[in-house]
Amino acid sequence: MNISEPLQIAIEEFSKFPGIGKKTAQRLSLFLLKKPIDEVEKFIGAIYNLKHKLKFCSVCFNITEFEICEICTSPKRDKSILCIVEEPSDIIAIERTNEYNGVYHVLSGVLSPLSGIGPEALKINELLKRLKTQEVSEIILALNPDTEGDATSLYLGKLLQPLNIKVTRIARGLPIGGDLEFADEATIARAVSNRGLL
Amino acid sequence: MVLQSLQLKNYRIHSNSLLTFSDGINFIVGENGQGKTTILEAIYSLCTTKNFKASSDQELLQFSTAECEVTGTFQEYTSDIVRIYYSSTETKRSFLVNGKLIYRPSEVIGKFPIVLLTPEDHQLTQGAPADRRKFVDAILSQSNPLYMETLLDYSKTLKHRSFLLNRMKEDFRSVSPDELEAWNTKMVTAGSSLITYRKKFLTLFNTYLAQAYSAILNDEELPLIEYQTTIANGETGLEEKFSEQLAKRKDEEIRRGTNLVGPHRDDFIFSINGKALKIFGSQGQHKTFQVALRFAQFFYMKDILGRTPIFLLDDAFGELDAKRAAHISNYIRNVGQAFITATDLANLSSFLRSENDKVIEVSSGQVAYA
Ligand SMILES: [Zn+2]
Chain A
1 MNISEPLQIA IEEFSKFPGI GKKTAQRLSL FLLKKPIDEV EKFIGAIYNL KHKLKFCSVC
61 FNITEFEICE ICTSPKRDKS ILCIVEEPSD IIAIERTNEY NGVYHVLSGV LSPLSGIGPE
121 ALKINELLKR LKTQEVSEII LALNPDTEGD ATSLYLGKLL QPLNIKVTRI ARGLPIGGDL
181 EFADEATIAR AVSNRGLL
Chain B
1 MVLQSLQLKN YRIHSNSLLT FSDGINFIVG ENGQGKTTIL EAIYSLCTTK NFKASSDQEL
61 LQFSTAECEV TGTFQEYTSD IVRIYYSSTE TKRSFLVNGK LIYRPSEVIG KFPIVLLTPE
121 DHQLTQGAPA DRRKFVDAIL SQSNPLYMET LLDYSKTLKH RSFLLNRMKE DFRSVSPDEL
181 EAWNTKMVTA GSSLITYRKK FLTLFNTYLA QAYSAILNDE ELPLIEYQTT IANGETGLEE
241 KFSEQLAKRK DEEIRRGTNL VGPHRDDFIF SINGKALKIF GSQGQHKTFQ VALRFAQFFY
301 MKDILGRTPI FLLDDAFGEL DAKRAAHISN YIRNVGQAFI TATDLANLSS FLRSENDKVI
361 EVSSGQVAYA
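Read top to bottom, the protein sequences are chains A and B.
The opening residue of the first sequence carries number 1 in the working numbering; numbering runs sequentially from there.
The opening residue of the second sequence carries number 1 in the working numbering; numbering runs sequentially from there.
Next up, chain A with everything else stripped away, as it sits in the complex (with noise of 0.2 Å):
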């Protein structure tokens, strides 16, 4: 094949993307070539700023500006109550609620053996080391209700059983404010079975 090798190069990086193919990437790449190049320049700096400008938190691992994240310095926030989640993006999920006014671990993913991510891989010593020294009354468990995030739920409640802090794991079924109508009928039935007392 004859391509000039720039635009090899950019096609080959842009396949390297989730879910992105090599006839993606080669129609990403021929569409920046088209752009002016101040928008492309553009482009290039907000990439830039995303590794530059943002790290991870070094108490909770939520994406940050900063040495430690707002949600961690901010005063207004119950250090007792920890909510732990797979990824930041499930920080904005919460957030967007108003709902919740504890703080957050981030583990930066679920047990996984087929994708070979044991505990190891994940930030859960650095979650024993924070209990170390944070007072902690209470653990929401907030991992996704799929196969990886039960085992990950079920493997760090067995971890956390011995500190003798109130474990919960958040509620498996309608989406808030979700409609019936709209929710899928596992989801339904589930909701059902594991229905509440008023």
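Just to be clear, a hint being listed does not mean it is correct.
The calculated EDC-like cross-link candidates involving lysine to aspartate or glutamate, where the alpha carbons are at most 20 Å apart (straight line), are [as the list claims (entries may be wrong)]:
(1) B:K159 / A:D146
(2) B:K156 / A:E86
(3) B:K199 / B:D266
(4) A:K158 / B:E181
(5) A:K129 / B:D178
(6) A:K51 / A:E87
(7) A:K22 / B:E90
(8) B:K275 / B:E226
Please keep in mind that the hints were generated in silico from the structure rather than gathered at the bench.
Using the hints, position chain B with the ligand against chain A.
Showing chain B with the ligand alone in chain A's frame:
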């Protein structure tokens, strides 16, 4: 539910066939390789998103064409148009219901219930435990979305766990006992729930089976399905027993690097008058059992879902004796819409014709109504 019409474009031997159907029995007659089973195959994939014969969509393409298409119009309370489109240049298949793209098979499963009787059904009574689990799992998944979800969850857990066991086989200390324990708990919870569902299902399904069997044979034979599980029997404490089994066979599981206990290893034992079919059954009893299983599936799903499945019978009458053929032909009148293939109309002589029936002749992918 009734399939009113079907269009096949570049689908195997069919260049462009448009068929309209009776809401009673549709006889599809033609020599082998002329495209009659293809019609059943198309109906089946419209209802389930899956192919029952082709191993890949590419196989469905007519020679030297790049795309194929199947469209069906179903009628129940409303009319639903289901369309499958496959393009080989994009190696992509799209499944649409009323113009809306469907991404997961679970979105349509149970919506267009279907029962298929094929010559391969001899596997049900003569094949491996996996064939019988597949039969039960398919019925339960179509009639209970929670079962399907639990089954997917359990299969995924098995994959993770066998990876873990294999790693322990290579280096025992590379996996912490707590990590294995977490996957054990996951397996026990999902697995026990599957076992409970299956047992409950069998209690009810056995009555459907007995009814179907007697309608086909008119004899004093009582069929029964019993659940044979790797987890010691008993109503109470299933989860505890499951955990005990895992603890007991832990070393063996690590040595072999496989999941050795759980519902994925269970079997369903078929018997007639208390005698195991697999050991004592005659050829006629095997055949009757296979057909009865499909009829039982039909009436069970009809009652549970509250909607009538479509019944497909592929080449089912070729090897039946006259008595059974007559009974089945009679019994099938209770079903609703059915599609029956045969190489020769003479093979279907056991049927008393109704005016509502339709005979469709298929030759070289061309369709004609007799
Ligand atoms: Zn933080």
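We went through each hint and held it up to the structure:
| no. | hint | verdict |
| --- | --- | --- |
| 1 | B:K159 / A:D146 | 14 Å, holds |
| 2 | B:K156 / A:E86 | 19 Å, holds |
| 3 | B:K199 / B:D266 | 12 Å, holds |
| 4 | A:K158 / B:E181 | 9 Å, holds |
| 5 | A:K129 / B:D178 | 18 Å, holds |
| 6 | A:K51 / A:E87 | 17 Å, holds |
| 7 | A:K22 / B:E90 | 13 Å, holds |
| 8 | B:K275 / B:E226 | 12 Å, holds |
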